[in-house]
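Chemist: Chain residues, written in single-letter form:
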Amino acid sequence: MLEVKNLQAGYDYLQVLWDVSIHVSQGEFVALLGPNGAGKTTILRTIAGVITPMAGKVRLNGESIGGLSAHQIHRKGLSFVPEDLNLFAGMTVHENLLLGAYGIRDKNKVKESLDLVLSLFPRLAERRNQLAGTLSGGERKMLGVARGLMSGPSLLLVDEPSLGLAPLLVMSVLEALQELNRNGVTILLVEQNVNMTLHLTDRSYVLEQGRIALEGTSAALLENEHVQEAYLALGE
Amino acid sequence: MAFTDLFDVLITGILRGGIYALMALGLALVFGVMNISNFAHGEFYMIGAYVAFFAIKAFGLDPIPAIVVAGLAGFVMGIVIEKGIFYSLRRRSKEEWVMNTFLVTVGLSFIIQNMAFILWGATYRGTDAYWKGTIQITPGMGVSVDRVVSFLIAIVTMAAFWLFLRRTQTGRAIRAVSQEERGATLVGINLNNIHTLTFALSCMLAGVAGGSLLSITQAYPAMGAKPLLASWLVVIMVGLGNVSGSIIGGLIVGVLEAASYYFLGAGWQNVVSLIVLILILLFKPSGLLGTEVKGVLER
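Taken in order, these protein sequences are the chains called A and B. Residues 1 to 236 in our numbering are what the first sequence spells out, letter by letter. Residues 237 to 535 in our numbering are what the second sequence spells out, letter by letter.
Where hints are given, some of them may not hold.
[What the hints assert, rightly or not] With a straight-line Cα cutoff of 20 Å, these simulated SDA-like cross-link-like pairs (lysine to any residue) come out: (1) LYS111(A) - ASN428(B); (2) LYS109(A) - THR404(B); (3) LYS76(A) - LYS319(B); (4) LYS111(A) - VAL508(B); (5) LYS330(B) - LYS111(A); (6) LYS330(B) - TYR11(A); (7) LYS107(A) - THR406(B); (8) LYS107(A) - PHE400(B); (9) LYS107(A) - ASN428(B); (10) LYS109(A) - ARG403(B); (11) LYS111(A) - LYS520(B); (12) LYS111(A) - ASN429(B); (13) LYS107(A) - GLY362(B); (14) LYS330(B) - LEU14(A); (15) LYS76(A) - ASN429(B); (16) LYS111(A) - LYS319(B); (17) LYS319(B) - SER69(A); (18) LYS520(B) - VAL508(B); (19) LYS107(A) - LYS319(B); (20) LYS330(B) - VAL110(A); (21) LYS107(A) - THR404(B); (22) LYS109(A) - GLN405(B).
Quick caveat, the hints were computed from the structure, so don't treat them as lab data.
Could you build all of it, start to finish, from the sequences and the hints given here?
Modeler: Structure, rendered in structure tokens:
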């Protein structure tokens with residue numbers, strides 16, 4: 001479904017990603033792990049079109065999307081839930097969700113998506129007419145993911161949903177993602193919370209200094225010596 | 237002084253303020269969504285007035301269709317100017333956007349004014365009252381029907397516009413862009429289209445304002461300066477980029493002007509408005525209803 005080949009990317013003259021190749025198949029739950037500054041967020045931003053790749057190929061469902069702008073890529077069925085969410089703080093939860101389905105003209109379809117995300121996050125249904133800017137941290141994350149789902153994407157990119165959340169909420173947000181994946185949404189997740197992520201996802205990539213250092217099934221990576229040493233034993 | 241005098245002042249001010257509110261709404265919208273301080277806004281008012289004039293004199297249109305045509309002319313001109321100037325500027329200018337666009341709009345204002353001068357000369361072009369007669373509001377005061385109708389047009393237009401911003405997906409997209417550009421692109425909103433639409437709508441509002449006041453204020457090339465100043469007063473008073481506040485602000489400025497006419501005489505209205513503005517900025521720099529202004533500091 002998603003294929004990234006020999007991607008080079010960065011900001012202005014600062015190259016962050018060197019020759020990164022990853023792929024995500026239909027229905028998979030894949031994680032990108034790695035220390036701060038490794039370039040995880042940059043990968044997601046480049047795939048989503050927020051920044052333009054310097055070189056390399058990005059293909060979504062066989063179609064090249066490298067170099068398209070973010071709104072065009074979104075219309076091809078990819079939703080990006082960034083770390084800072086970029087919610088419309090001055091609008092209600094309901095309006096934020098409606099905007100998530102911006103490109104969709106079919107009213108029934110919008111209604112269906114709305115019902116779906118509100119059943120996934122009942123908390124948002126309670127907060128429906130509240131301004132997004134007044135939500136708590138956990139609710140904001142839910143709204144970010146829910147808004148991303150409103151367009152019925154074939155692929156969801158989620159950047160550090162656990163950031164800034166209390167441990168209990170981290171669990172519930174990550175479990176919500178797992179639930180979504182079981183319902184057929186393909187997900188590429190960036191996370192710092194290595195232990196929990198490896199237990200939830202199918203496959204993972206470990207990114208270090210802008211390059212893919214390790215890849216494999218999450219179960220295998222849990223047993224990997226380097227992962228245990230660098231991310232599990234000391235990191236947690 | 238009598239209570240009825242105060243009432244008269246209030247009514248005069250409110251009627252006057254409706255059009256200021258309509259102008260200020262467009263100004264606030266363009267600032268909020270595109271971060272442009274549009275100093276050519278008065279020129280679209282002027283174009284609206286001329287278009288209404290020619291629609292009536294040359295094509296024999298009735299007032300309401302003429303005002304609609306004036307609005308459409310503003311809309312089309314807005315598209316042309318946005319696509320022709322601001323779109324290409326946006327692709328080249330990342331830094332100093334606020335200053336660059338400010339200078340561009342000042343230049344535009346000169347160009348449009350002088351083009352109007354070359355095309356139509358310095359003659360005042362007006363029309364007879366759209367709707368004849370006066371309405372007796374209190375025994376001591378009658379107001380021309382045109383004033384009242386132009387106020388109603390302003391109110392209806394603003395109400396329709398408010399509904400458009402709240403209830404339609406495109407309206408929501410405009411608000412989304414003004415609040416969070418990155419978020420807007422991430423839900424699939426094409427910023428370029430929204431910018432063009434916003435600018436065109438803003439010019440349309442100014443065109444409607446100019447058209448509906450034609451029988452009261454005649455069309456001439458420099459006529460845009462006064463409504464521009466008044467609408468800037470409104471926008472600064474309530475807070476830059478505050479769309480709904482511009483309606484209240486418009487009425488406040490209208491009443492202030494009417495009061496200074498009444499108590500101090502003609503010519504003092506700008507002094508009074510500016511003093512009030514200075515006081516507001518001294519004690520509440522973000523404006524009466526102002527909240528945070530998007531991106532001015534970053535760009």
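Chemist: Run every hint past the structure and note whether it holds.
Modeler: For each hint, the structure was consulted:
1. LYS111(A) - ASN428(B): violated, 28 Å
2. LYS109(A) - THR404(B): holds, 16 Å
3. LYS76(A) - LYS319(B): Status violated; Cα separation ~26 Å.
4. LYS111(A) - VAL508(B): violated, 52 Å
5. LYS330(B) - LYS111(A): Violated, because 39 Å separates the two Cα atoms, which is more than 20 Å.
6. LYS330(B) - TYR11(A): holds, 15 Å
7. LYS107(A) - THR406(B): Answer holds: LYS107(A) to THR406(B) is near 14 Å, not above 20 Å.
8. LYS107(A) - PHE400(B): OK: LYS107(A) and PHE400(B) at ~17 Å, within 20 Å.
9. LYS107(A) - ASN428(B): Given that 20 Å is the threshold and the Cα spacing comes to 25 Å, the pair is violated.
10. LYS109(A) - ARG403(B): holds, 18 Å
11. LYS111(A) - LYS520(B): violated, 43 Å
12. LYS111(A) - ASN429(B): violated, 26 Å
13. LYS107(A) - GLY362(B): Cα-Cα ~48 Å, so violated.
14. LYS330(B) - LEU14(A): Given that 20 Å is the threshold and the Cα spacing comes to 19 Å, the pair holds.
15. LYS76(A) - ASN429(B): holds, 18 Å
16. LYS111(A) - LYS319(B): Given pair LYS111(A), LYS319(B) is violated - Cα atoms ~35 Å apart, limit 20 Å.
17. LYS319(B) - SER69(A): holds, 19 Å
18. LYS520(B) - VAL508(B): holds, 18 Å
19. LYS107(A) - LYS319(B): With a Cα-Cα distance of about 31 Å, the restraint between LYS107(A) and LYS319(B) is violated, given a limit of 20 Å.
20. LYS330(B) - VAL110(A): Distance ~36 Å between LYS330(B) and VAL110(A) Cα, so the pair is violated.
21. LYS107(A) - THR404(B): Status holds; Cα separation ~12 Å.
22. LYS109(A) - GLN405(B): Satisfied, since the Cα-Cα distance of roughly 14 Å is no more than 20 Å.
When each numbered hint is compared with the structure, violations occur for hints 1, 3, 4, 5, 9, 11, 12, 13, 16, 19, 20.
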